[in-house]
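Listed here are the chains, written in short residue letters.
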Amino acid sequence: MARFAPPTLLRRALASDLVDRLTAPHGIDRYLELVHPTWTVREVRAEVVHARRQTPGTVTLVLRPNDAWSGFVAGQHVVVGVEIDGVVHDRCFSLAGSPHDPDGLLELTVKANPAGRVSRHLVEHAEPGLVVRLSPARGDFVLPSAAERTASGDHLVLLSGGSGITPVLSMLRSLVDERHAGPVTFVHYALTADDLCYRREVEDLVDALPGARLLIGLTDAPGEGDLDGFFGLEHLAQITEAPERAQVHLCGPTPLMASVEAVFAELGLADSVHLERFGPPPIDPTIDVGDGAVSFARSGTAAPSVGTILETAEAAGLTPAFGCRRGICGTCTTTKASGRVRDIVTGELSAADAAPIRLCTSIACGEVVVEL
Amino acid sequence: MPVPASAAHLTRAQIDALGAELDDLRARTVADLGERDRDYLQRVVRAQRGLEFAGRALLFAGFLPPAWVGGTTALALSKILDNMEIGHNVMHGQYDFLQDPAFQGTTFEWDTACPGDSWRHSHNHRHHTFTNIVGEDRDIGYAVIRIDEGKPWKPKDLGNPIYALLLATFFQYGVMLHDLEVENLAKGRTSWADTAELRKDMARKLGSQTLKDYVLWPLLTGPSAPLTFAANATANLARNLWSFTIIFCGHFPDGVATFTAEEAADESRGGWYLRQLLGSANLEGGPLFHVMSGNLSHQIEHHLFPDIPAHRYPEMAVEVREICERYGLPYNTGGLAKQFGSVVSKIVRFALPWSRSEPGSGPLPAADDGVAEVELAA
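Residue numbers (our numbering), protein chains in the order written: chain A, 1098 to 1469; chain B, 2 to 379.
Think of the hints as simulated: they come from the structure by calculation, not from any bench.
The beta-carbon is built from N, C-alpha and C at its ideal position, and this holds for glycine as well.
Don't take every hint at face value.
Unchecked claim - Covered stretches of chain B (in silico footprint by chain A; criterion: 3 or more residues with CB under 8 Å from a CB of chain A, positions within the stretch not fixed):
1. 37-45
2. 89-99
As the list claims (entries may be wrong) - On the chain B side, residues computed to face chain A include the following (Cβ under 10 Å):
3. Glu53
4. Trp111
5. Asp112
6. Lys157
7. Asn185
8. Ser209
9. Ser269
10. Arg270
11. Glu320
Model the full assembly from the supplied sequences, consistent with the hints where possible.
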């Protein structure tokens, strides 16, 4: 059932400069969203059209974005803003669908994290009709373009574990839509066969690609999958006989990603591994975190540093907004009034006063004051 | 820390206990924030945007007198709601906990000439931190009106009532220029060059507001352009007079204390609360009056808890009043006529060199017996 929405031409007119000036300082979206939350012409909003629960503790959402959405490349993620009890919470999710979907629908699969408010809320409550906020698609973890793939002729290895399947599934779907003919191996690790979401779809997709094959690794069910136990050199030998020709696109739990990276580094092929992390990034042990102290100017409290500034703030009882907790989405960006902080992902030192910092990846070096 | 006479009977420990009670009230309210506050904000925003839309739409028929009056009224109400219950309060960060980018204290813009960033500095920082400290809080008489005996009389103060009338009429521009600290520029304490960034912001915001209200919307209504222009000017004027009235009733009625920098030096948390309490005054009225005043009718609660959603103040006020009674502290409140009458009388009185504050006002030395009780003017 299609809901009435203003025609595209009208929406373009509403997004014009003139309308912006007439509706200053708030902008037209602040008025349109009161009529219907998806009517915004500049901010991306999406409505859930299907909510499918394929395995326990997960939900697969199909979303229809409004036309402020400008598309994505297979492998990218979005920040999804969900309202829970009146408060907007932002979290990052990888898009699992093909960017070539004829209806322009988006898909994401959410796994309930016992400690995660947003993932649990979506798994328990998401139903068709729910409207969420979306950021533009982000991330450098993307499928090489058809031209790049043809030029290199590389063996594409799409390797995932658990809920890390979503961005590489998007890549696989995109390859089918683009009629990719080169060699592809789709490798997916799960605990047992019951934990495999998308199994049917992956099998069909692999069948539809002339040069593709599928390897399922079951870590807790010996003998039932194609690969037993955890990734190692033996698994690599089953995946490819020529690792130097492989380009690995990897997303999964930290230990899996660490072992793949280690094996390829050992072979001198570290550059062949492209990965998407989720979960906090490892903290560089060479950064001294022991002597920092953070003052929170707006709330009038201060605390000795315990990890990142976000963690320090939370330990001090504050509840700053955050999204990905790994320095990507920018939700937690806050002004640092003074002091020096180091970014644990980039290693950069920020010493300027009144500088914006990402709380989730910044560590205080000495006394730091933030506007929180 | 010496305290004004109205609080001189309190010991240091009692002031600390007062602080702890108010901290506790604050913590209980913060713990309860959630959907109710979002729903309230949404209702007010819906009403404001609806009034604005209705006002702009009616003015297309502005050649019909009832449509002109209706359109102008709707637009005036929209601007009042936007500036007071929404803008002022959102920009205090009262709704930051919603984590909604549209209502973040640090980025919100309001429908008035003053840029949000400049307001956040002059109001949230200067006024709320240094509340009623003569020489620090530039909101005392907005640096142009003499309204406290702590400010020495000069012949130019004879113009006090005229300055007040001009400020009320052009209040949105007065608020905009406030952060420039013109008096400091004139005395050479700050340099013109220091304000370059600020002036650029002001010009941008002023330009955008003027373009919208005085060029684009009038032109859109075609032959009614002069009528729409007049309607928008009237709506802005109505908002100016109303917000001036409410704001001047917040700190300047008789009985409100001002402080010296020494009095406020090294103050404790309880001492800070005490200064906010003694330095503010409330207005009594019905629920609609409170909404239209942006709940600044609860100026006392606003100064105690500037970052708590203002629609919570009426319920917090019950406890604050009870606490004040127990500690023997004045709770300055009254109807709009009484409080504004008192402000007007002060503006006139302080135009003259021999003017004095009513008892309980102004920086007074602490009473030596420590039990002075000061009766408030009824």
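Results for each hint:
1. 37-45: holds (count 4)
2. 89-99: holds (count 3)
3. Glu53: holds (8 Å)
4. Trp111: Holds. Min distance 7 Å.
5. Asp112: holds (6 Å)
6. Lys157: Since chain A brings no Cβ nearer than about 35 Å to Lys157(B), farther than 10 Å, the hint is violated.
7. Asn185: Constraint on Asn185(B) not satisfied, violated at 22 Å.
8. Ser209: holds (5 Å)
9. Ser269: At 13 Å from the nearest chain A Cβ, Ser269(B) fails the 10 Å test, so the hint is violated.
10. Arg270: It holds, given that the least Cβ distance between Arg270(B) and chain A is near 9 Å, below 10 Å.
11. Glu320: With a closest approach of 22 Å, the Glu320(B) hint is violated.
The structure fails hints 6, 7, 9 and 11 (numbered hints given earlier, in ascending order).
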